[in-house]
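The first sequence lines up with residues 1 to 366 when you count with the numbering used here.
If you're looking for bench data, these hints aren't it; they were derived computationally from the structure. Quick caveat: nothing in here was measured; it's all calculated off a predicted structure. Where a beta carbon is used, it is the ideal one built from N, C-alpha and C, also for glycine. Fair warning: there could be bad hints in the mix.
Cβ pair distances, simulated, as ranges [claimed, not checked]:
| hint | residue 1 | residue 2 | range |
| --- | --- | --- | --- |
| 1 | Glu339 | Thr204 | 56 to 62 Å |
| 2 | Ser330 | Lys163 | 49 to 55 Å |
| 3 | Pro334 | Lys164 | 42 to 48 Å |
| 4 | Val105 | Glu227 | 38 to 44 Å |
| 5 | Gly357 | Lys199 | 19 to 25 Å |
| 6 | Pro23 | Glu339 | 50 to 56 Å |
| 7 | Cys203 | Pro334 | 54 to 60 Å |
| 8 | Asn359 | Gln44 | 29 to 35 Å |
| 9 | Gly161 | Gln3 | 47 to 53 Å |
| 10 | Gln305 | Gly161 | 33 to 39 Å |
| 11 | Leu24 | Ala154 | 40 to 46 Å |
| 12 | Lys2 | Ser344 | 56 to 62 Å |
| 13 | Gln49 | Val176 | 31 to 37 Å |
Calculated pairs, EDC-like style, for lysine to aspartate or glutamate (alpha carbon to alpha carbon, straight line, at most 16 Å) [to be verified]:
| hint | residue 1 | residue 2 |
| --- | --- | --- |
| 14 | Lys350 | Glu211 |
| 15 | Lys77 | Glu247 |
| 16 | Lys345 | Glu247 |
| 17 | Lys27 | Asp73 |
| 18 | Lys345 | Glu48 |
| 19 | Lys77 | Glu264 |
| 20 | Lys341 | Glu247 |
| 21 | Lys163 | Glu80 |
| 22 | Lys228 | Glu175 |
| 23 | Lys252 | Asp31 |
| 24 | Lys219 | Glu264 |
| 25 | Lys226 | Asp158 |
| 26 | Lys5 | Glu211 |
| 27 | Lys27 | Glu60 |
| 28 | Lys252 | Asp73 |
| 29 | Lys77 | Glu48 |
| 30 | Lys234 | Glu269 |
| 31 | Lys27 | Asp190 |
| 32 | Lys341 | Asp353 |
| 33 | Lys345 | Asp158 |
| 34 | Lys219 | Glu269 |
| 35 | Lys5 | Glu175 |
| 36 | Lys350 | Glu155 |
| 37 | Lys96 | Glu80 |
| 38 | Lys252 | Glu80 |
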Amino acid sequence: MKQEKLHFFTERLAAWFAGNHRPLPWKGEQDPYRIWLSEIILQQTRVEQGMPYFERFCREFPTVADLAAAPEDAIMKAWEGLGYYSRARNLHAAAKYVAYERGGVFPATYEGIRQLKGVGPYTAAAIASFAYGLPYAVVDGNVYRVLSRFGGIAEPIDSAGGKKTFAQLAQRALEVAPLPPGSYNQAIMDFGATHCKPKAPFCTDCPLSRECSAFQKGKVGLLPVKEKKIKRKKRFFHYLVANYGAEVLIHKRTGRDIWQNLYEFPLLEWPEAAASEEQIRRSAPWATLIGDRGAVVRQVSPPQQQALTHQQIQAVFWEVEVEGPPPAASELGPFIRAERKNLSKFAFPKIIDCYLGDNSLYLKLV
DNA sequence: AAGCCGGGGCG
DNA sequence: CGCCCAGGCTT
Numbered sequence: 001m002k003q004e005k006l007h008f009f010t011e012r013l014a015a016w017f018a019g020n021h022r023p024l025p026w027k028g029e030q031d032p033y034r035i036w037l038s039e040i041i042l043q044q045t046r047v048e049q050g051m052p053y054f055e056r057f058c059r060e061f062p063t064v065a066d067l068a069a070a071p072e073d074a075i076m077k078a079w080e081g082l083g084y085y086s087r088a089r090n091l092h093a094a095a096k097y098v099a100y101e102r103g104g105v106f107p108a109t110y111e112g113i114r115q116l117k118g119v120g121p122y123t124a125a126a127i128a129s130f131a132y133g134l135p136y137a138v139v140d141g142n143v144y145r146v147l148s149r150f151g152g153i154a155e156p157i158d159s160a161g162g163k164k165t166f167a168q169l170a171q172r173a174l175e176v177a178p179l180p181p182g183s184y185n186q187a188i189m190d191f192g193a194t195h196c197k198p199k200a201p202f203c204t205d206c207p208l209s210r211e212c213s214a215f216q217k218g219k220v221g222l223l224p225v226k227e228k229k230i231k232r233k234k235r236f237f238h239y240l241v242a243n244y245g246a247e248v249l250i251h252k253r254t255g256r257d258i259w260q261n262l263y264e265f266p267l268l269e270w271p272e273a274a275a276s277e278e279q280i281r282r283s284a285p286w287a288t289l290i291g292d293r294g295a296v297v298r299q300v301s302p303p304q305q306q307a308l309t310h311q312q313i314q315a316v317f318w319e320v321e322v323e324g325p326p327p328a329a330s331e332l333g334p335f336i337r338a339e340r341k342n343l344s345k346f347a348f349p350k351i352i353d354c355y356l357g358d359n360s361l362y363l364k365l366v
């Protein structure tokens with residue numbers, strides 16, 4: 001892109017920003033800990049969705065030392081429902097690193113920030129510019145969209161070459177912008193989020209449209225270009241809600257799969273949608289935990305749905321009253337006993353959280 | 001380079 | 001129902 005056009009872009013953007021920026025709780029924030037927290041929360045997450053989580057983390061974990069000292073389960077619980085739970089696990093690891101190996105001092109260089117777990121190029125640039133005024137351009141979904149449209153650049157944003165192209169262009173723009181790095185980064189993201197939106201952008205009322213290649217060519221709707229399309233695999237879960245008086249059994253998910261370190265009921269995964277009650281009774285974990293001592297109270301239907309990025313989860317909840325005491329500790333295996341009234345203390349995936357909410361009446365009465 | 005990791009909002 | 005969101009890690 002010609003230098004002249006780049007100047008036009010940054011000057012018009014700065015003028016737009018002067019009258020349109022979004023007032024957000026973390027704007028003007030000086031504390032690198034809070035800036036880091038907000039950026040991790042906002043990864044692949046809408047501002048409105050992340051806001052209450054940011055407030056909660058600031059309240060429950062006011063300093064990096066508080067976060068480092070917290071039990072992982074407490075952090076997972078605070079993160080419950082936000083998704084991409086590796087962010088929470090990495091957040092904890094990074095907090096312990098800063099608190100215990102750096103004496104509580106947050107890194108103040110791009111490279112130092114980039115070393116933190118869960119911090120990639122975008123987040124490092126965001127923290128470096130917001131907290132320390134360092135000249136690193138952020139490249140997030142908004143930036144890809146704004147630059148690809150304004151520059152008329154059809155190079156795929158999810159290719160190696162495209163990432164490099166847009167990163168270089170973003171950096172050039174930051175360096176000629178009549179704004180400090182942090183403000184410039186805020187400006188281009190606010191502009192992308194509220195004006196140059198994915199759908200129905202405000203092109204007819206846009207201060208950049210005169211030089212916007214996509215607008216001039218009528219190709220706004222075709223940019224940015226992505227080349228990879230995701231395919232969603234279907235999975236069929238059967239959750240065994242085994243009630244022993246006031247207690248149920250749960251376990252923590254481990255291993256390389258979704259929802260790591262979250263809790264759930266004993267799970268039977270079935271390769272296809274149809275599974276008879278007889279098949280489920282004969283399979284683990286039902287057969288091992290309950291045998292023939294269980295009476296089905298209710299099979300929650302229809303199956304509950306949960307869409308993930310690469311998977312479509314279909315879950316059936318089997319509520320079972322089991323005669324006799326819960327299994328002895330030696331026979332519990334990975335499962336733990338929990339009183340139903342204490343289930344809210346554990347972090348569950350959304351599909352189970354929804355089930356617990358919808359069935360709170362049953363859970364209180366029985 | 002490709003695959004994987006949540007959940008919600010919107011057209 | 002498909003796309004997108006203040007992306008990053010693993011393989």
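Comparing the hints with the structure gives:
1. Hint check: Glu339 to Thr204, Cβ distance near 59 Å, so the stated range 56 to 62 Å holds.
2. At roughly 53 Å, the beta carbons of Ser330 and Lys163 sit within the given window of 49 to 55 Å.
3. Range check, Pro334 to Lys164: about 45 Å between beta-carbon atoms, so the 42 to 48 Å window is met.
4. The supplied range of 38 to 44 Å is met by Val105 and Glu227, whose beta-carbon atoms lie about 42 Å from each other.
5. Between Gly357 and Lys199 the CB atoms are about 31 Å apart, so this pair departs from the stated range of 19 to 25 Å.
6. Between Pro23 and Glu339 the Cβ separation comes to about 44 Å, which falls outside the hinted range of 50 to 56 Å.
7. Checking the proposed 54 to 60 Å range against Cys203 and Pro334 shows it holds: the Cβ atoms sit about 55 Å from each other.
8. Range check, Asn359 to Gln44: about 30 Å between beta-carbon atoms, so the 29 to 35 Å window is met.
9. In this structure the hint that Gly161 and Gln3 lie 47 to 53 Å apart at CB is violated, the actual value being about 22 Å.
10. Judged by the Cβ atoms, the range 33 to 39 Å given for Gln305 and Gly161 holds: they are separated by roughly 37 Å.
11. The supplied range of 40 to 46 Å is broken by Leu24 and Ala154, whose beta-carbon atoms lie about 32 Å from each other.
12. Roughly 58 Å separates the CB atoms of Lys2 and Ser344, a value that falls within the hinted 56 to 62 Å.
13. A hinted range of 31 to 37 Å holds for the C-beta pair Gln49 and Val176, which are about 34 Å apart.
14. For the hint linking Lys350 to Glu211, the alpha-carbon distance of about 45 Å lies beyond 16 Å, and the restraint is violated.
15. As the CA atoms of Lys77 and Glu247 are separated by approximately 20 Å, the hinted pair breaks the 16 Å bound.
16. For the hint linking Lys345 to Glu247, the alpha-carbon distance of about 14 Å falls within 16 Å, and the restraint holds.
17. Among the hinted pairs, Lys27 with Asp73 is inconsistent with the structure: their alpha-carbon atoms are about 29 Å apart, more than 16 Å.
18. Between Lys345 and Glu48 the CA atoms are separated by roughly 25 Å; this puts the pair beyond 16 Å, and the hint is violated.
19. As the CA atoms of Lys77 and Glu264 are separated by approximately 13 Å, the hinted pair is consistent with the 16 Å bound.
20. Of the pairs offered as hints, the one joining Lys341 and Glu247 holds, with about 9 Å between alpha carbons and a cut-off of 16 Å not exceeded.
21. Straight-line distance between C-alpha atoms of Lys163 and Glu80 comes to about 31 Å, which puts the hinted pair past the 16 Å bound.
22. For the given pair, Lys228 sits about 31 Å from Glu175 by alpha-carbon distance, which is inconsistent with the 16 Å threshold.
23. Taken as a hint, the Lys252 and Asp31 pair is broken in the structure, with Cα atoms around 34 Å apart against an allowance of 16 Å.
24. About 47 Å separates the Cα atoms of Lys219 and Glu264, which puts this hinted pair outside 16 Å; it is violated.
25. Restraint check for Lys226 and Asp158: satisfied, since their Cα atoms lie roughly 6 Å apart, inside the 16 Å limit.
26. Our distance criterion of 16 Å between C-alpha atoms is met by Lys5 and Glu211, whose separation comes to about 7 Å.
27. A C-alpha spacing of about 20 Å is found between Lys27 and Glu60, which places the hinted pair above 16 Å, so the restraint is violated.
28. Simply put, Lys252 and Asp73 have alpha-carbon atoms about 10 Å apart, close enough for the 16 Å limit, and the pair holds.
29. This hinted pair does not check out: Lys77 and Glu48 have alpha carbons roughly 19 Å apart, beyond 16 Å.
30. Pair hint Lys234 plus Glu269 holds up; C-alpha atoms about 11 Å apart against a cutoff of 16 Å.
31. In summary, the hint linking Lys27 to Asp190 is supported, as the alpha carbons are separated by about 12 Å, within the 16 Å threshold.
32. A distance of roughly 14 Å separates the Cα atoms of Lys341 and Asp353; the hinted pair therefore holds under the 16 Å criterion.
33. Restraint check for Lys345 and Asp158: not satisfied, since their Cα atoms lie roughly 39 Å apart, outside the 16 Å limit.
34. Taking the CA atoms of Lys219 and Glu269, the gap is near 45 Å; set against the 16 Å cutoff, the hint is violated.
35. With a C-alpha separation of about 14 Å, the suggested pair Lys5 and Glu175 falls inside the 16 Å cut-off, and the hint holds.
36. This hinted pair does not check out: Lys350 and Glu155 have alpha carbons roughly 36 Å apart, beyond 16 Å.
37. At roughly 20 Å between alpha-carbon atoms, Lys96 and Glu80 are farther apart than 16 Å, so this suggested pair is violated.
38. Proximity of Lys252 to Glu80 is assessed by CA-CA distance (about 14 Å); at most 16 Å being required, the pair is judged to hold.
Figure legend: structure checked against the earlier numbered hints; hints not met, in rising order: 5, 6, 9, 11, 14, 15, 17, 18, 21, 22, 23, 24, 27, 29, 33, 34, 36, 37.
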